[in-house]
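S.K.: Here are the chains, one letter per residue:
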Amino acid sequence: ELKVEQNPLFLSMQEGKNYTIYCNYSTTSDRLYWYRQDPGKSLESLFVLLSNGAVKQEGRLMASLDTKARLSTLHITAAVHDLSATYFCAGRPSGSARQLTFGSGTQLTVLP
Amino acid sequence: AAGVIQSPRHLIKEKRETATLKCYPIPRHDTVYWYQQGPGQDPQFLISFYEKMQSDKGSIPDRFSAQQFSDYHSELNMSSLELGDSALYFCASSPQKLAGAHYEQYFGPGTRLTVT
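Protein chains in written order, with the numbering used here: chain E, 1 to 112; chain V, 1 to 116.
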């Protein structure tokens, strides 16, 4: 059974600072997803990481995947207030099952 | 671009009542997933359908059932509602057959169910 752990669970950071959210998973996962969720809203897809060493960047967010370490990171560069949200990583177990297993989420607050 | 449609967006029910949530996937998406998200929690997988057949089952209570219809829309039927069923219910869809598809799941806006 795939288990996904994120840390930290809560993150307050000042505008302009950099930080990294970590996502560890327990068994083989053939792809790793990052989602953003604003309070009471839907989940917005940010990145899909398919292979070892994959790196994707969009604006101030960069995600990477190390399948050997079973670790994905979401790096935030020069944070701005608009990035305040909850960020979830999710894995999909290898094999036929297609559902996602989510981490607990990281609630990010960017302070002015 | 078309997105996943869910209805209703908000629903208030009393304990022991029944509720039906509807999901209309993105056109040409053949797989539908249902997730439940309690307050302050991560989404938990309930059930999924591929080409109108149930494909995977998660932590869905026996009081809940779901199906996918010939037009690919899906309905989640919930009976004997309990206070603990209050949550956001998301439907997601993905294209399994499209070339280059990465099984990316696109989430709908959710239905907020409140059981009183």
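Among the hints, a few may not be true.
Claimed, not checked - Among the chain V residues that face chain E by a calculated CB cut under 7 Å, a handful are:
no., residue
1, Asp-42
2, Pro-43
3, Phe-107
4, Pro-109
Unchecked claim - The calculated label-pair distances, taken between Cβ atoms and stated as ranges, are:
no., chain 1, residue 1, chain 2, residue 2, range
5, V, Lys-57, E, Ser-45, 22 to 32 Å
6, E, Glu-1, V, Ser-80, 25 to 35 Å
7, V, Ser-80, E, Lys-17, 41 to 51 Å
8, E, Ser-51, V, Glu-82, 36 to 46 Å
9, V, Glu-17, E, Gly-53, 28 to 38 Å
10, V, Glu-17, E, Thr-77, 42 to 52 Å
11, E, His-75, V, Phe-69, 17 to 27 Å
No wet-lab data here; the hints were simulated from the structure.
This one's a predicted model, so the numbers in the text were calculated from it and none came from an experiment.
Built from N, CA and C at the ideal position, the CB exists for glycine as well.
S.K.: Work down the list of hints and note, for each, if the structure agrees.
M.R.: These are the hints, each one checked on the structure:
1. Given the 7 Å rule on beta carbons, the hint for Asp-42 (chain V) holds: about 4 Å separates it from the nearest Cβ of chain E.
2. Contact between Pro-43 (chain V) and chain E, as hinted, is supported at the beta carbon level, the nearest pair being about 5 Å apart and thus within 7 Å.
3. About 4 Å separates the beta-carbon of Phe-107 (chain V) from the nearest beta-carbon of chain E, less than 7 Å, and the hint is met.
4. The interface hint given for Pro-109 (chain V) holds, since its Cβ lies 5 Å from the closest Cβ of chain E, which is under the 7 Å cut-off.
5. A beta carbon spacing of about 24 Å between Lys-57 (chain V) and Ser-45 (chain E) agrees with the range 22 to 32 Å that was offered as a hint.
6. Between Glu-1 (chain E) and Ser-80 (chain V) the beta carbon distance is about 28 Å. The supplied range of 25 to 35 Å therefore holds.
7. For the pair Ser-80 (chain V) and Lys-17 (chain E), the supplied restraint of 41 to 51 Å holds, since their beta-carbon distance comes to about 49 Å.
8. The hinted range of 36 to 46 Å is satisfied by Ser-51 (chain E) and Glu-82 (chain V), whose Cβ atoms lie roughly 43 Å apart.
9. Range check, Glu-17 (chain V) to Gly-53 (chain E): Cβ separation about 51 Å, and the 28 to 38 Å hint is violated.
10. The given range of 42 to 52 Å is respected by Glu-17 (chain V) and Thr-77 (chain E), whose C-beta atoms sit roughly 49 Å from each other.
11. A hinted range of 17 to 27 Å for the beta carbons of His-75 (chain E) and Phe-69 (chain V) is inconsistent with their spacing of about 43 Å.
Consistency note: the structure conflicts with the earlier hints numbered 9 and 11.
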